[in-house]
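Colleague: For reference, the chains in residue letters:
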Amino acid sequence: LAPWVPVVGLEIHAQISSNSKLFSASQVQFAAPPNSLVSFFDASLPGTLPVLNRRCVEAAVMTGLALNCSINKRSLFDRKHYFYADLPAGYQITQQRVPIAVNGSLSYSLCIDNKMSQMVTRTVRIKQIQLEQDSGKSLHDDTRSQTLVDLNRAGVGLMEVVMEPDMCCGEEAAAAVRELQLILQTLGSSQAVMAEGQLRVDANVSVHHPGEPYGVRTEVKNINSIRFLAKAVDYEIQRQIEELENGRTILNETRAFDSKLGCTVPMRDKEGEQDYRFMPEPNLPPLILYDAESLPANMDHQQVVNIDWIHERLPDLPSVKRAKLVEQYGILPEHSFTLLNEDGLMEFFENTVKQTQMKPRKVIGWILNDLLSYLKKHSLTVKESPVSSLLLGDLLNLLERKDITAAAAKQVLAELWKGEGKSPLEIIKEKKLEVIQDHKELEQICQAVIDGHENEVIMVVLG
Amino acid sequence: VSPEPGSPQVAAALKGGRVTPTELCQRCLALIRSTGFLNAYITVAEETALKQAEESEERYRRGQPLGVLDGIPISVKDNFSTAGIETTCASSMLKGYISPYNATVVQKLLDQGAVLLGKTNLDEFAMGSGSTDGVFGPVRNPWSYSRQYQEKSVSKSHSEDEESNWVITGGSSGGSAAAVSSFTCFAALGSDTGGSTRNPAAHCGVVGLKPTYGLISRHGLIPLVNSMDVPGILTRCVDDAAVMLGSLAGHDPKDSTTIQDNFEPFELPDLTDVSKLSIGIPKEYNAPGLSSEILALWSKAADLFKNAGAKVIEVSLPHTRYSIVCYHVLCTAEVASNMARFDGLEYGHRSDMNESTESMYAATRREGFNDVVRGRILSGNYFLLKQNYENYFIKAQKVRRLIFNDFVKVFRGGVDILLTPTTLSDAVPYMEFIKEDNRTRSAQDDILTQAANMAGLPAINVPTALSERGLPIGLQFIGRSFQEKQLLTVAKWFEKQVKFPMIELEAVKRLDDGVFQHQKSAFS
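Just so you know, the sequences run in chain order A and B. Number 191 in full-length UniProt numbering belongs to position 191 of the first sequence; there are no gaps in the numbering. Number 117 in full-length UniProt numbering belongs to position 117 of the second sequence; there are no gaps in the numbering.
Careful: at least some of the hints might be erroneous.
[Unchecked claim] Dumping the calculated BS3-like pairs for lysine-lysine here, alpha-carbon to alpha-carbon at most 27 Å:
no.: 1; chain 1: A; residue 1: LYS354; chain 2: A; residue 2: LYS440
no.: 2; chain 1: B; residue 1: LYS395; chain 2: A; residue 2: LYS73
no.: 3; chain 1: A; residue 1: LYS221; chain 2: B; residue 2: LYS386
no.: 4; chain 1: A; residue 1: LYS432; chain 2: A; residue 2: LYS422
no.: 5; chain 1: B; residue 1: LYS300; chain 2: B; residue 2: LYS499
no.: 6; chain 1: B; residue 1: LYS108; chain 2: B; residue 2: LYS15
no.: 7; chain 1: A; residue 1: LYS73; chain 2: B; residue 2: LYS398
no.: 8; chain 1: A; residue 1: LYS359; chain 2: A; residue 2: LYS324
no.: 9; chain 1: B; residue 1: LYS306; chain 2: B; residue 2: LYS283
no.: 10; chain 1: B; residue 1: LYS108; chain 2: B; residue 2: LYS276
no.: 11; chain 1: A; residue 1: LYS231; chain 2: A; residue 2: LYS137
no.: 12; chain 1: B; residue 1: LYS398; chain 2: A; residue 2: LYS80
no.: 13; chain 1: B; residue 1: LYS300; chain 2: A; residue 2: LYS80
no.: 14; chain 1: B; residue 1: LYS276; chain 2: B; residue 2: LYS409
no.: 15; chain 1: B; residue 1: LYS398; chain 2: B; residue 2: LYS283
no.: 16; chain 1: B; residue 1: LYS395; chain 2: A; residue 2: LYS80
no.: 17; chain 1: B; residue 1: LYS15; chain 2: A; residue 2: LYS127
no.: 18; chain 1: A; residue 1: LYS432; chain 2: A; residue 2: LYS383
no.: 19; chain 1: A; residue 1: LYS429; chain 2: A; residue 2: LYS418
no.: 20; chain 1: A; residue 1: LYS362; chain 2: A; residue 2: LYS260
no.: 21; chain 1: B; residue 1: LYS254; chain 2: A; residue 2: LYS80
no.: 22; chain 1: A; residue 1: LYS221; chain 2: A; residue 2: LYS231
no.: 23; chain 1: A; residue 1: LYS362; chain 2: A; residue 2: LYS418
no.: 24; chain 1: B; residue 1: LYS254; chain 2: A; residue 2: LYS73
no.: 25; chain 1: A; residue 1: LYS432; chain 2: A; residue 2: LYS362
no.: 26; chain 1: B; residue 1: LYS499; chain 2: B; residue 2: LYS152
no.: 27; chain 1: B; residue 1: LYS306; chain 2: B; residue 2: LYS276
[Said to hold, decoys possible] If you want the footprint, here are the derived chain A segments under chain B, 3+ residues with CB under 8 Å:
no.: 28; region: 39–50
no.: 29; region: 86–93
no.: 30; region: 273–279
no.: 31; region: 358–369
Calculated directly from the structure, the hints in this document are not laboratory data. Idealized CB from N, CA, C, for every residue including glycine.
Okay, chain A solo, but in the shape it has when bound (with noise of 0.2 Å):
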């Protein structure tokens, strides 16, 4: 059978963090008492218009540089029209003709066959980035045959991050978005949280064999989580397969993926294409953006968004942050993406390392190794450790100075755990964990052994 190549794109909606919306200056927040947070303009009252919030230009701009992209000095708003009760004016104010950002490409890491001893980079390509609203929230209640809708998330700010279809698989697709989630949470863009709603995933998805035309693809909505993004591309690649090596074809369709079957299943009952009826956006002006060359000398920096300014004011991105700990700390690449994944974590560690005088190359062990898999294991994140890392430092001078061991080091450790307040030295002296260095005091202490396990001494004796 002749080998197929999976081609897999990604469609991210990345909830802006900002205090209104796009348009309008209803506030942005999550869980509100339902249409609690809804302005005439999202409720389209007829007659009102929308205003462009100067935040979630700022926030498409510093994204769009983040990721390499080119930042268009003039982009358009258009219309993008279709009845649903969840979009009242009947259209979406998006960016279809020339968006604000294109042509980026973002760099990932994952590991090959589950080593974390063996990374390799990736790149993705950014098709472009374009500001939209989002739409409200219906939910459908079929016993009373009624629709609930809320507005309250109607004309929040959206940053679409369209990224070509240079992925294979659902390891790579969630390597990437989990290097974009973590880019968007330095930015401070969006806080890209899936749980919440602020990071939407969609997967184009499509077989071919080599060298043939790419195949019919599918797109997979309904991806509550990285991990089952993995899942279901994964699951959807494989279906794929399977129709086409059984002769069947694959329909051009949305499907959803249900987490609890691990599978996608058709979802809109599309009938051929829709057709958006595009139109630019009539009371919005074309969107300018200025850099320090073309900004003119009496232009009211209030009114105007400036490029090169953002752009000298960009945070550390999270590849640059990882090789400067790579690089301070001599510890391994590998190292470092754990340290970035987890919330805190990195922090944690510099404040550890601050704390002791045992090599960062030592501390990362006890650090990725002892404290990670310990709050896995309670389901607790960096900031809810019982174990501080003033109290691990402690710790962990007492073994470089080998005061304990590193036997003792982690009894004391699993003490530390029940966050009763003892101190590293007040349970090491509580179950007599030092070191001793005393001879005498250790031959006692052998002699007594051996005393205590005749039958065991005679057999060790014989061989």
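Based on these hints, arrange chain B on the given structure of chain A.
Modeller: Below, chain B alone, put in the same frame as chain A:
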């Protein structure tokens, strides 16, 4: 308190205490009642108007009026949002809709103490050129009942009374034009997308100003074509239009299409010397169907300027003849988009059909919109389809650019103002008007006014003379972008030359005690 005949401007009268805001308001309300057969008003906000008048009176008593508009009764076309007062757009879709906010222009008027008498009638959602296609019935032109018209309607016997003979106001701001024309208010707001303020102004013998696009905020004006709509101003003289403009123009942060520049209100100078003026006469505006009467009047007006020393030259706007189809494509496309929000969910009419969301939407929209609106939505959606977009919408935008460039060329060539007819004929009788459908009528009637909307230019109708049938004929001046001061100055000069007669209305005479009869300008 009864002002003497020949009393001057009403604002001065108010200031001088010769008439109080409450008296003024009550008189207007009484006149509205006695001219109810005109059907110019959809909603009369009697209670709130009297309250506003009382508050104004209090301010005058303290010697602290808010400005020249304080206490002045005005009316507003029913497609502007007014908080607490029903806004229907003359459509079943919005019957009972009470907006929670005021349109910016309404708010500005109220902030200056104007008294809001009510909401005036229009074609449904401002689609039409007759003010005949609204859900509350057609508006009647007050001139139908004027002595001037009636004495010319000799041929009709008395049994065939005014009922079948009345003429239309033109549209779509017919209610506002009729309201101003019949003295029920001193100024009114209309809207203008293809001529909807200038057309009824011409037919009703009042001044109708279409300002430059971007000068006055559209926030709260329920849109027809966002890229062409402007709030329009209807008054009985050009000076009043200048005062209204001064109160309304300026940047609105709520409307991103308003210009940022500061706007300075102006008083109109009394122009005496027109020798430095260059008046352009666009030959394409001698359009098919233009009545010989209006053609002659237009020519006479050109001569008027020439004889006074102005330079009058023939110019060409070659793409004029494409403006109708261009407008049709762009207008219907935006209409299809703007009407998408009317689904019965958040406000307005909602059908009882509740089998599914889709069926509820479809039934609501079928029940809520009239044929004209539905027709334009279907056309617009057709033009916006992916396979048609390039050939229709994009092409129309390109043609629009060409039409705009025509004006740029002419103005760059040294012309200051263009002089054209406003309408093809005087007002036709209703019975005749409805023989053709809305689409045909709009296409015919908009030809002289539309291009100014496409190019975003300011334009004004000035009542010029009475036709042979005793009905008003107006002529139009089109100016350069944001040069309203020049436009209105020239218009005022012209107004002074032509001395258009005052309407002689029985209803007004009965109520008259000098305030209305000899009043020219509302503001001093």
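Colleague: So, for every hint listed, does it hold in this structure?
Modeller: Outcome of the hint check:
At most 27 Å may separate the alpha-carbon atoms for a hinted pair to count; LYS354 of chain A and LYS440 of chain A exceed this at roughly 37 Å. About 26 Å separates the Cα atoms of LYS395 of chain B and LYS73 of chain A, which keeps this hinted pair within 27 Å; it holds. Only pairs whose Cα atoms come within 27 Å are accepted, and LYS221 of chain A paired with LYS386 of chain B is accepted, the gap being roughly 25 Å. Restraint check for LYS432 of chain A and LYS422 of chain A: satisfied, since their Cα atoms lie roughly 15 Å apart, inside the 27 Å limit.
Distance restraint check for LYS300 of chain B and LYS499 of chain B: the Cα-Cα separation of roughly 14 Å lies within the 27 Å cut-off, and the hinted pair is therefore satisfied. About 21 Å separates the Cα atoms of LYS108 of chain B and LYS15 of chain B, which keeps this hinted pair within 27 Å; it holds. Distance hint between LYS73 of chain A and LYS398 of chain B is fulfilled; the C-alpha atoms sit about 23 Å from each other, no more than 27 Å. Of the supplied pair hints, the one linking LYS359 of chain A and LYS324 of chain A holds, its CA atoms being roughly 16 Å apart against a limit of 27 Å.
A C-alpha spacing of about 17 Å is found between LYS306 of chain B and LYS283 of chain B, which places the hinted pair at or below 27 Å, so the restraint holds. Restraint check for LYS108 of chain B and LYS276 of chain B: not satisfied, since their Cα atoms lie roughly 36 Å apart, outside the 27 Å limit. Taking the CA atoms of LYS231 of chain A and LYS137 of chain A, the gap is near 26 Å; set against the 27 Å cutoff, the hint holds. Between LYS398 of chain B and LYS80 of chain A the CA atoms are separated by roughly 22 Å; this keeps the pair inside 27 Å, and the hint holds.
Between LYS300 of chain B and LYS80 of chain A the alpha-carbon distance is near 51 Å, which puts this suggested pair outside the 27 Å criterion. For the hint pairing LYS276 of chain B with LYS409 of chain B, the CA-to-CA distance comes to about 20 Å; that is within 27 Å, so the pair holds. As the CA atoms of LYS398 of chain B and LYS283 of chain B are separated by approximately 23 Å, the hinted pair is consistent with the 27 Å bound. Taken as a hint, the LYS395 of chain B and LYS80 of chain A pair is honoured in the structure, with Cα atoms around 20 Å apart against an allowance of 27 Å.
For the proposed pair LYS15 of chain B and LYS127 of chain A, the alpha carbon gap of about 66 Å is over 27 Å, so the pair is violated. Simply put, LYS432 of chain A and LYS383 of chain A have alpha-carbon atoms about 31 Å apart, too far for the 27 Å limit, and the pair is violated. Our distance criterion of 27 Å between C-alpha atoms is met by LYS429 of chain A and LYS418 of chain A, whose separation comes to about 17 Å. A distance of roughly 41 Å separates the Cα atoms of LYS362 of chain A and LYS260 of chain A; the hinted pair therefore is violated under the 27 Å criterion.
Simply put, LYS254 of chain B and LYS80 of chain A have alpha-carbon atoms about 22 Å apart, close enough for the 27 Å limit, and the pair holds. Proposed proximity of LYS221 of chain A and LYS231 of chain A is supported: the alpha carbons are some 12 Å apart, at most 27 Å. Among the hinted pairs, LYS362 of chain A with LYS418 of chain A is consistent with the structure: their alpha-carbon atoms are about 24 Å apart, no more than 27 Å. A C-alpha spacing of about 24 Å is found between LYS254 of chain B and LYS73 of chain A, which places the hinted pair at or below 27 Å, so the restraint holds.
Only pairs whose Cα atoms come within 27 Å are accepted, and LYS432 of chain A paired with LYS362 of chain A is accepted, the gap being roughly 25 Å. Restraint check: the Cα-Cα separation between LYS499 of chain B and LYS152 of chain B comes to about 20 Å, which is no more than 27 Å; the hinted pair holds. For the hint pairing LYS306 of chain B with LYS276 of chain B, the CA-to-CA distance comes to about 11 Å; that is within 27 Å, so the pair holds. With 9 residues carrying a beta carbon less than 8 Å from a beta carbon of chain B, the region 39–50 of chain A meets the three-residue requirement, and the given coverage holds.
Interface restraint, the region 86–93 of chain A with chain B: holds (4 residues with C-beta to C-beta distance below 8 Å; minimum three). Note: the region 273–279 of chain A has 4 residues with beta-carbon separation from chain B under 8 Å; the three-residue rule is met and the coverage holds. Interface restraint, the region 358–369 of chain A with chain B: violated (0 residues with C-beta to C-beta distance below 8 Å; minimum three).
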